[in-house]
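Can you build the whole structure from these sequences, using the hints too?
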Amino acid sequence: MNINWIKTFVAAASYENFRETAEKLYLAQPTVTVHIQQLEKQIGSKLFMKSGRRVVLSEAGRQFLPHAKEMMEQYEQSLRHMNGWRQGYHHKLALAVSPLIAATVLPSVLQQFMKAYPSIEVVVKVSESNEIGGMVARNVADFGLSRMQSVETHLKCEQIGADPIVLVVPHDGGDAETSLPLSLNDFCTQLTLLTHNHPDYWDDLLVELRSKYEGIRTMVVSQVHITKRFIEEGLGYSFLPRSSVQRELFEGRMLQVDTREIRLPEVHTYLVYHHLSNEAVKFKEFIERNLQ
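In the numbering used here, the protein residues as written are 1 to 292.
Since the hints were made in silico from the structure, they are not lab data.
Remember, it's a predicted structure, so these values are computed and weren't measured experimentally.
Be careful, since some hints might not be right.
[As the list claims (entries may be wrong)] With a cut-off of at most 30 Å between alpha-carbon atoms, the simulated DSSO-like pairs for lysine-lysine come out as follows:
hint, residue 1, residue 2
1, Lys24, Lys69
2, Lys156, Lys115
3, Lys282, Lys92
4, Lys156, Lys284
5, Lys115, Lys284
6, Lys7, Lys50
7, Lys46, Lys7
8, Lys41, Lys24
9, Lys125, Lys284
10, Lys125, Lys92
11, Lys156, Lys282
12, Lys24, Lys46
13, Lys125, Lys115
14, Lys92, Lys7
15, Lys7, Lys115
16, Lys50, Lys24
17, Lys50, Lys69
18, Lys7, Lys69
19, Lys69, Lys125
20, Lys92, Lys284
21, Lys24, Lys125
22, Lys7, Lys24
23, Lys156, Lys125
24, Lys115, Lys92
25, Lys69, Lys41
26, Lys69, Lys92
27, Lys282, Lys125
28, Lys115, Lys282
29, Lys92, Lys156
30, Lys92, Lys46
31, Lys69, Lys46
Set out below in structure tokens:
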């Protein structure tokens, strides 16, 4: 069975239009028609039916589609494997990593790990923390690095690496001691609080803030890197993990303000896994060494 026919069929099933399929695959439209006809001849059933200007899957097409997708995945996986083998990789480690960890902790750890184990191909899949446990459970990833505990009870979830939360505000270009508001109350009344950029601590923190300060204006910003950009542009302030703002603080793009008016929490990294392969064991040692 020709893999190009399979590829064309899967694309046509998605676009439901042979012209769009041809454009997406950089083929002539008659070529798409020939691919589908040849596949139908080999299977012995019509795969599409006309519906106005579009085509829709027949019952035979619906039955065949999941098998076609599986064949495409196996084909692409074999290509990835051979490409890795040509590069000198003999083993593979798939990591599911939260965006925050991927942007802060992971680069230095990966640099050391890849230098120590050049024959291990590392695949990094960046996903939200609440998705990482599911990826490990489905064997989409061998090992997870999350900022929240996994809800999958059959997985192991180890807490490491305390990361303090700090109050960060825009840099106004002046002297921090003379030009910035002197208390958290001043920030609460003058700037917008950018919230829910981290999955772990915001609900409890907001309860405490609202119990002490009236009229807090908030804006939900679901990603830490966007929150940081907003702070640099003067759109608001936030409470972020110290590891996520170290570079910005060092370069003077925002300021950390110490406050004893509320209790600031700590967050942790969670190692999520099921059965540890030899490659995962080696990586686990590296990440623990860097975060303990």
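- Query: Under the criterion that the straight-line Cα-Cα distance not exceed 30 Å, is the pair Lys69, Lys46 satisfied?
  - Reply: Holds, at roughly 18 Å.
- Measure nothing beyond the straight line between the CA atoms of Lys282 and Lys92; if it is 30 Å or shorter, mark the hint as holding. Holds, at roughly 12 Å.
- Hint consistency between Lys125 and Lys92 [alpha-carbon to alpha-carbon, up to 30 Å]: Between Lys125 and Lys92 the Cα gap is close to 13 Å, so the pair holds against 30 Å.
- Can the restraint linking Lys69 and Lys125 be considered satisfied, given a maximum Cα separation of 30 Å? holds, 20 Å
- Distance restraint between Lys50 and Lys24, which requires alpha-carbon spacing of 30 Å or less: holds, 20 Å
- Message: Given the hinted pair Lys156 and Lys125, is their Cα-Cα distance within 30 Å?
- Response: Holds, at roughly 19 Å.
- Given the hint that Lys115 pairs with Lys92, test it: the Cα-Cα distance must not exceed 30 Å. Roughly 15 Å separates the two Cα atoms, so the pair holds.
- Is it true that the CA of Lys156 sits at most 30 Å from the CA of Lys115? holds, 28 Å
- Is Lys24 within 30 Å of Lys125, Cα to Cα? holds, 25 Å
- Holds or violated: Lys46 with Lys7, Cα cutoff 30 Å? The hint holds at about 17 Å.
- Query: Straight-line Cα separation of Lys115 and Lys282 no greater than 30 Å?
  - Reply: holds, 13 Å
- Task: Starting from Lys125, check that the Cα of Lys284 is at most 30 Å away, please.
- Result: holds, 17 Å
Comparing the model with each numbered hint stated earlier shows that hints 15, 30 do not hold.
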